[in-house]
Structure formats: C-alpha cells, structure tokens
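Now for the letters of each chain:
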Amino acid sequence: MKNKIFSLTFLIFLFYILFISDLLYSQNFQSISISTVVAEAYVSDDILPPKIIHNPIKNISPLTKIAVIYGTAEDEKSLKKVEIHYKNSTEASYLTHTFVYLDTKSTTFYFEIPKDFIKEDIQYRILAYDEINSTYTIWYDVSFKDSISNKIDSQGGKIVLEDGNPFDAETFIFIPQGALDKEVEISIKEVANTLVPKKNKRPALSEYPFKVYKFEPSGLRFKKPVQIGLLYTDLNNDGKVDATEFDENVLSIFWYDGVNWRNLKSSVDKDKNLVLCWVNHFTYFGIFPLGSLTKDDYRPKEKIITPNNDGVNDFATFDNIPQGTEIKIYNLRGKLVRKIDSIPYEWDGKDYEAKDLEVGPYIYQFKIDEELIIGVIIIAR
Amino acid sequence: MDIKKLKFIIFLLLCFSLNFLYSKILTIYSDEGIPQGSNLYTWSAGGLGQFNSKNSDLLQVPVGTESFKTVSNPWWNPGGWWENWAGWGVVYNNEQNLSFYNNGRLRFWIYASVGNIRIEIEAPTGNKNQAKYLTDLGWSSSDINKWKFFDVPLSSFNIETYTAVKCPFMITAALGNSTNSTTFYVDFVRWVSSDVSSPYFNIKIKDIETHIQKSSITFNVNLQQVSSWTVANEYIEIDFDPNNISWGIQIYTDNKAQGANPVYTGNKNPCGLVDTTTTTRVLPMGWTIESSTRTKQQLGKGTPESWVYGGFMWKWMKDKNTQGFQNGENYITLWNNRGVLWNASDRDWKNSPNYIYLSADFSIAVGGRTYRTNQLKIELYYK
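Chains as they are written, first to last, in numbering that gives the first Met the number 0: chain A, 0 to 380; chain B, 0 to 382.
It should be emphasised that the hints constitute simulated quantities derived from the structure, not laboratory data.
Do not rely on the hints blindly, as some may be mistaken.
Calculated cross-link-like contacts (lysine-lysine; reagent style BS3-like; alpha-carbon spacing at most 27 Å) [claimed, not checked]:
#, chain 1, residue 1, chain 2, residue 2
1, B, K213, A, K80
2, A, K86, A, K144
3, B, K255, B, K319
4, A, K354, A, K338
5, B, K127, B, K147
6, B, K205, A, K80
7, A, K269, A, K213
8, B, K295, A, K80
9, B, K349, B, K68
Every value quoted in this text rests on a predicted model; they were computed, and no experiment measured them.
All chains, please: the whole structure from these sequences, using the hints.
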C-alpha cells in the first residue's frame, strides 16, 4: 500500500515537473514589444572582379578641350556599373559619371569630360562593379598643354603631341635616321588659327587654316625629308571637319613662307583624322581645304633666288608636286644642269655636283597630268 | 528674407541640433555611474547617514546588479531633540541646458519601507521649487520593501524650464524625529524625452562602417572570399526603457511562422537564413551584443563561441521552433535586468543603447542563391 501511495505521489510530482511547471512558466512570460527584422544574403558565384580595358589619355589640348574616356569593361558573370571619377589635379573632391548595366558581361563605355570643367591638368580613374566585386584603375594624370618638345639626334625619332581623343591619331613628326647631324630640341605647338596670317584666296578654300601647328626650331632644315602628321577633328565621324562643311578628302597641309601659305602635296588618313606630308624644314604648318589647282599653283613663287644660306630666298620651292614628278633645270644654252625627281621639290641653285651655278636665268620644265609647265628662275647673288 | 521665416528656420535648426546633441534617455544614476561633469553629494542628520552607490546586497535589482543604498540614522541634536534625515543627489559641476527634456519624464526605481522620501530637482542653482514625496507619487504600504517603478512628469516639479539644471535628481528620507534607522535603495534614475513611452523599445538598423540607417540586414558574400562565418554589413541598435523588474530582451528567428518568407519546410533546426531556392536548407546564424559599436575587424568572423576583440562572445542564434526553445532562456536572451546575458556567471550592465551584431555560416551556401529570413525577432518581454 505504501509503495502504491509512493508511486502515485511520484507520478503526480513528475506530472507537475513536466507539464504544470512549464505551463506556469509560459503563463508568466509576457511579450511587451517585438521588432521584426529582415536579414538577407545573396551568395554570389561571381568569383572574378570585372576587368577594365582602357588606353589612358595623357594630354588635353587647351584649344579643343577634348577629353574622351573610352574603354571596355568585362565580367565573367554580370557587370553592374561603371563609374568614372574625374577631378582637377589640385583638388581632392571629384565628380562621378555612372553607367548602369543589366545582365551585361561586356560593354564599352564612352564619356567626354565636359569642356567647361577642363581648366587645368586633370586626373581620372575608372571603376567597374559586378554584383559583388569591384575593380578600379589608378588615378590617371592628364596634362593640359598645347605643346611638346623632345631632343632628337642623328639617330632620328618621333615626337607625338597627344590630344584627349582616343578615336583618332595624334599630331606627330617622324625624323628618319640621318635627317639631323646633331642633337636638336624639337617642339610641336598647337596654335590658334586666328593668330596666324590669313590665306590668300587660292588654292585654299578657306580663309584660315582649320588647324595650325608651329614646329621649332623655326627655319631648321633637314638633310632628308621628315614626315609630319597633323590632326584635325571629326568627332562625329561624318567625314567632314567638325564645325565646317568641308569634306576631309580635300584637306591638305600648307606651310607658311613668311608671306604666303603654300600647299604641300599631302595625303589624308580619314580613319585617323590625320593629314600627312613630307617636309624638309620647319615653320608653321596648317591644314586647309584645297581647291582645284591650275598650272600656276605648281610654279615656284620664288622667281629670283639668292642661295647664300642666309635663310632668305635660298630655294625655289615647287608647290603641290606629286611624288614621281621629274623637274628639269636648264641653262640658257639648253644644257640640263639639274634634275629633281623626289621630295623635296626644291632647287637650291646648285648643279648635279652640288656646285653653285652662275648667276643668271634658268629654265625649269616638268609635266603635270601630261601638261608641260615651263618657267624661269633667276639666280642672283 | 521674411523675419518670421528666418525665426522658423532657426527654430528648426535648434530642434535638429538638440535632437542631435541629446539622446532620448539621459541616465542620471546606474551601474555605469553618473553623467560626466557631475558629482555625487550626500547629506544626513549629524553626518550619521550611510551611503553606498555601488551596493549589491540585494539579490535582485531592476537594472544591473547594483543600486544606491542609503541608511538614515537618528541623531540627537544638541538643541535637545532627535533628527532623522539622509539623502543624496547628482550635482553638475556646471549648470546644464536640459530643455530638450522639458516635457519629458523622470524615471527611477525605489525600494523603501517608508513613503516620506522626498524627490527634488534643482534648476537653476538654488531653486528646488516643488518637492515630491513618494506618497504623492503613488507609493503605498503595499509597496513596502518592494522595488517600485516611478514615472514622473518633469513638469510636476514646477520648474519653468530646464535650461540651467544644477541637480537633476535629489532624494532625501525626511523621517522627522524618528529614532529608527531606515534603509532605502534607488536604482536606474533617468530623464527621458517626451516621446519615450513606458515601456520603451526601439530598434534601428545601421551600417557597420558608416552608421547610416538602413532598412535590413545584409551580407556581402562571394564564395571565393567567404568559406565559413561572416559578419553582416549592418548592426541593430536597441534603445529601451523597461518598467518592470523582470524585463528581458531576446532574439530568435521564427522561420515557420505565418508570414515567413521563405517558410522553412525542412524537419531540422529551422534557425538562420533560409535558402530561398531549397527551403529545407538554412544557414546557421550567430549574434552578439556590445555596449559600444565595433568595427568588422574587432568583430572577427562571427563564429559562435569566439570572442569579439575587447567585447563579448558570439552566440548561436535559435529559432522559435528549435527543439527545447523556451522564452527568456539563456542563449536567446541578449539582455536582461542584470546585463548582457552571454554567460550566466559574468554579466555586465551597460546603459542603452546597445548594439547587436549578426553573423551567418556560409560554408554550405550555394553560389547564385539568396538566403533570407524576414522573421528575425527582437523582443522585449517581462517574466
């Protein structure tokens, strides 16, 4: 009997422990206030950060103020955003231009820094984001200058004046080996076209050159021709020089002889917005639209030359002469004293053996489009 | 500009600056001590009063582990009568502009055997204006030797404005010529602004780095960079002012609740972040609570049972449906009247606000998926 009572008591106790106490416990609990929060994690399997492929711009022309930031961003999963941060070099704060993408693995970006922002050297960087990673470039330094200079010696070399447009080429000079016999500081400077003399009406079709570059040291002559390439702008790539109605096919380089702008036989690289020609001396070179040529346009402007190396009238220059043309110089007795069959189409008053010819009149003769052009040049001393 | 508009703008700026400068709860006395720039003053008949601002001889106090103990002893005045009074107060070194709390409340806890204990505020210096006795505030014989919560409008002290507060809290047992020693305890004295209800419980989600307010907890997870536990980008700031001695705050998920999105559909422990693609899978979560904000570097990876640098321990998160879940138990109670409950034997009281940090284990996560709970609960309770 005692055992039964004990067992019953134990069972009641156990029941209390298991149920009643828990019930009392939960009855005592009183929720006063609950805040519910959302927690979320997107687990990306985008392992690699995006890639930025970009050829940094190095210089901005103060005249055109073109600064185009162009490149490609790629991601193996999904590219979300590209940001371009740009600022004046002297400031810490920067402006941001953002491109937002949806489900793009590869994209090109193109951003032109507003012209009114560009007042001095600037810096920019590019950032690309995928859904979880990001990549950024260093801050690129971009100078804001209209000239460049470098030393070139007899080994030759190339100097490039960059603009801020990656879609075209750059103004340059290429000096082949042997064109110089000593080291010379060569510079290219872009000049405002309103600061140079106007062009006489013909054969150029515009009053002012579209672009002018001053090559220095002024008057420097090379032992063999050097190539120059002058940049013009066609940002919208419509085949016309920006802000003009002139087709880029008609562009030509002119050189300034101190009185006149004179045409040089040039070629146009329309893909690179570059006009190219070979020259043998330094002066101002400008890009003009070239009209149709007459016989007179091929004749030298120098009717009398004084070849004494004083830099004045030492040469007679035949303008516009196509490569391969043969110019023959005769004395009055009909003797052929000199033949010029490659650039530069200049006559320095010397014969075949580079000896000074006697003073007096000489006859030149050459053919353009099967038409014979004849004229007289007088050597005086 | 219109002078009225200008005044209005100045008023708005003033309001903004006041809100910026002052927290909603100004703690006058707690286990953490008294405000910077203030001192404790005591007074008693014949200097016989006994005071202990860090008393811990009571088993339970409303907040933390300590309270302010005062013993008022009788003193025979040489003039020929008994006196019995003792009190203390918090006194600012320089008068404080606390007008932000003008329409707020004075809140405190008291454990006493008599009702003739006087509460005063001095503002400005020398002006105590209207004293309040416990009996004026609703104390009765049924409250003898029990902790009782008081929530008193600051306006009832008949002080026009609190622009120059010298003493935000003074308490004195005024026992006349009683020859009996009397003991009373005070705990967690604070001023609260008018919008702090009683009880008060408010949370904010903030970015760990910028402390800018956010709307949800997020994780940056790239499987290449994260192979196990990682800490969330945001933390939860909790601000509270309970009015019951048995209060606590707990944290848990409730991933099987109606309204859960996604609902956990498996048959294991549903705690954590639920895989939105395969809802039978969850990523375990962890939590910790800190008395000041921490950097990700200090927080570490958030692995449960590891330590926050210079702080507390990371604990496992539970779900309401975790087997054996009980409201108010250890491991889910992140804060109770004694302090942070990360270890039953080592609690520490820090005034509100406090900061909850969260972590999750991504070792079984699958790339390209979202893991989520919209049922992370933070709950103020009484028990």
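Item to check | Hint numbers contradicted by this structure | outcome: none
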